[in-house]
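Given these sequences and hints, build the entire structure.
Numbering (numbering that gives the first Met the number 0), first residue to last: 0 to 864.
Be a bit skeptical, because a hint or two may be false.
Calculated pairs, DSS-like style, for lysine-lysine (alpha carbon to alpha carbon, straight line, at most 25 Å) [claimed, not checked]:
| # | residue 1 | residue 2 |
| --- | --- | --- |
| 1 | K261 | K655 |
| 2 | K581 | K313 |
| 3 | K81 | K243 |
| 4 | K607 | K581 |
| 5 | K359 | K119 |
| 6 | K358 | K78 |
| 7 | K313 | K290 |
Now the in silico label distances, taken between C-beta atoms and shown as ranges [said to hold, decoys possible]:
| # | residue 1 | residue 2 | range |
| --- | --- | --- | --- |
| 8 | E262 | K765 | 35 to 45 Å |
| 9 | D646 | L854 | 41 to 51 Å |
| 10 | L9 | D73 | 24 to 34 Å |
| 11 | I41 | M674 | 37 to 47 Å |
| 12 | G466 | T196 | 57 to 67 Å |
| 13 | G105 | Y206 | 23 to 33 Å |
| 14 | E186 | D654 | 24 to 34 Å |
| 15 | G105 | T74 | 18 to 28 Å |
| 16 | R370 | D209 | 34 to 44 Å |
Honestly, the hints are just simulated from the structure, not real lab data.
Every value quoted in this text rests on a predicted model; they were computed, and no experiment measured them.
Every residue, glycine too, gets a C-beta built ideally from N, C-alpha and C.
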Amino acid sequence: MSKSSADTPLMQQHKAIKQRYPDAVLLFRVGDFYETFGQDAIIASQVLGITLTRRNNGAASSSELAGFPYHSLDTYLHKLVKAGYRVAICDQLEDPRQVKGIVKRGVTEMVTPGTATNEKLLEHHSNNFLASLCFVSDDSYGIAFLDISTGEFFIAEGDREYADKLLQSFQPAEVLFQRHRQKQFKEYFGTKFYTYTLDEWIFQDNYAKDILLKHFQTHSLKGFGVESLTNGLIAAGAILHYLKDTEHPNLQHITSMQRIDKEDFLWMDRFTIRNLELLGVPNSEGHTLLKVLDQTVSPMGARLLKRWIVFPLKDAVRINERLTLVEHLIGAVDLRTHLAQNIKQCGDVERLVSKIPLKKIGPREVLQLSRGLQQVAAIKDLCGGSSNDYLRRLSDTLNPCTFIAGKIQAELVENPPPTTSKGSFIRQGIHGELDELRQIASNGKEYLVQMQQQESINTGIPSLKIGFNNVFGYFLEVTNTHKNKVPASWTRKQTLTNAERYITPELKEYEEKITGAEDKIFQIELALFEALLNELQDYLSPIQTNGNILAILDCLLCFAQNALQFNYKRPRIHDGEELIIKAGRHPVIERFLNAGDQYVSNDIVLNKTDQQVIILTGPNMSGKSALLRQVAIITLMAHMGSFVSADDAFLPVTDKIFTRVGASDNLSGGESTFMVEMNETASILNNVTSRSLILLDEIGRGTSTYDGISIAWSIVEYLHQAAQMPLTLFATHYHELNELENKWQRVKNFHITNKEIGNKIIFLRKLAPGGSTHSFGIHVAKMAGMPAPLITRANEILLQLEAKQVGDVTEKVKDLGGPRMQLSIFDVHTQTFDNIRKMLEGLDINRLTPVEALLKLQEIKNMIH
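The structure is reproduced here in structure tokens:
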């Protein structure tokens, strides 16, 4: 904006501030309102639903204007940030009553999707991560994640696939990266993230280290175990730079950094996380593993559980440590009950402690923090006496911070107000002058009542009242009927329609004493509270550690509760290569069955001697995909340290789970369903290890029949012959693949059983040895409501095609003509018949997928009706 001499001083001030924050909506405090001008006002009007007006502000032309009361900030701020806007909050930095001319103003906070700390902008059960991505090369990245609302700070580095996996797993609210990398970011990582770009110079090694060392006030970063992650540290430095740039100076609660090492966790790419329906999308009501498993009692536990699901362990010692503690908690009923109650009463320790340096914590929340620390003391005692080593170790890490917890309890009243502006939150007996001033304020008001009574007697005015307003302070009010009785020593201050208002020297003296006392009371209470917060700053790190330990305990208690409630059993994790699941169930599907239905459990055995690859065939809708997913989810749950939905599970330590399930496309990226399928499958085949678990469903269905069979066949052979010999489940409609069992030693055929009663099919959902001979696709078409003549004709065609053992599909189709083509469904107007015939002649059967065929049939049906 250019400065205009015609602008008022207020608008000149607004323009100067707006120039420093051109890409943010500027909320400009004017009196009791936050005002927006120009384009900001248009945005605010559209997003917030507030009235847009035009007002001449002294400039040559009028300007758009929209505003709202300052006390409604939280509500409107929430809407703007959720809509994806950056918001600069510009406050009055001086008391307008004590300033002549223009009030000094400045931006006190910049709120963006990734820097939100306000409760209305946060989900209690989800982190709100700000991510930073440092492009080093097309396949080398540094990446960092910070949740400013909890102080959690993670850094990592790796190739593009790893960066992609981390972004999909952490689901950050905002991603920072170099300005000139916008095209690559969109191409590599999609458009689902809110992004903001920074100058290239910010992503420099020396600058990043300087800003990190200055923040942590250390001489090196060795203590965090991240010194070797040069690119990750650059990303972390960019985050701290951005926070400084967006008016977030108080970051003392960010006390450490944690590295995320790819080698510490069971690997799942983003396709697997999506295919297994682990987390779902934010705010969705979908049936996910998270939704089924989450019985945590605290927000900290709920947030950690999400992370455990996408970052399962692959260290057998640590896995068994969790499993043993879960088993211990199942048996220790009283301990489990008391721990859950104590953790629940702690509140959201991680987010409460982060409010201390931000100076956004009120007296009520500080008292809750103290009560939470008292619960920590009780939890420490409960765990410390346990026979479980891991539980005792967790107990040792807890710090009840007894001194500060006691001081808070001693200084704050039992039921303090939520904010300091309400006053009366410091206890009696804490500060001598404060107690005296409270006495004066209290007695002063009593004295005014006595004065009113005495003056009424002295003057003979029975209706005399003492009142107060912000303009004149305290006054004596006399109705016109008695104004002739007013003594000459009284000074008239205001004339009303039916009365006069006066002051006296004595009344003025008491007013000054009372109002002065109230102001001093507020200042002393505020100073005592600030001192308490300053002392709390020394406890940020131990309280954050408490929050992390409480979250771990909460998750393990949740696993114990799930095991009891849903009949989950302890898995046996071993270093061998054999996978045996007895009576396995899909934990999500079994929870959402219709009333009266029972989930059909199944046994699975995979090994590297005679059953490395299972070819799984069976009819549509029979449960092949569910069986694949349940094997992966049972493996995943075991590596989280959870009991599993099976009667028994003997599982090898697994380093990677790969799935390719279902159809999806990337049309905006120019990729068809089949291309996406091939990309995902290629990624799997190029990254398998000897400890991988691979689940493939309907590979090759996106192309012609013979192409698809050829691809599927060669994939099975490749996995069987691979030196790593990964354990593989391969579900398919191509029953031709059953022939592979006769050709390869470690390939075994299984099918999902069914019964045919009359011309109906009943799915038994039970796994049995041997392959299925056909796929029952026409049965499913019938169940979907296809017209009866169409189903009859489809069966006729199927019989003819299956009867011909030689020739390609095109030749077989050419022989399908004849009298039987004259079906009743074509007994319609000649023009319609000609249109249908032309459509069929124009079809390339070799390239028609089953879904496309069904859509064509639906199109024909619509033409007939």
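Hints versus structure:
{"no.": "1", "hint": "K261 with K655", "result": "11 Å, holds"}
{"no.": "2", "hint": "K581 with K313", "result": "22 Å, holds"}
{"no.": "3", "hint": "K81 with K243", "result": "22 Å, holds"}
{"no.": "4", "hint": "K607 with K581", "result": "18 Å, holds"}
{"no.": "5", "hint": "K359 with K119", "result": "14 Å, holds"}
{"no.": "6", "hint": "K358 with K78", "result": "23 Å, holds"}
{"no.": "7", "hint": "K313 with K290", "result": "23 Å, holds"}
{"no.": "8", "hint": "E262 with K765: 35 to 45 Å", "result": "39 Å, holds"}
{"no.": "9", "hint": "D646 with L854: 41 to 51 Å", "result": "43 Å, holds"}
{"no.": "10", "hint": "L9 with D73: 24 to 34 Å", "result": "25 Å, holds"}
{"no.": "11", "hint": "I41 with M674: 37 to 47 Å", "result": "42 Å, holds"}
{"no.": "12", "hint": "G466 with T196: 57 to 67 Å", "result": "60 Å, holds"}
{"no.": "13", "hint": "G105 with Y206: 23 to 33 Å", "result": "26 Å, holds"}
{"no.": "14", "hint": "E186 with D654: 24 to 34 Å", "result": "29 Å, holds"}
{"no.": "15", "hint": "G105 with T74: 18 to 28 Å", "result": "23 Å, holds"}
{"no.": "16", "hint": "R370 with D209: 34 to 44 Å", "result": "40 Å, holds"}
Violated hints are absent here; each numbered hint is respected by the structure.
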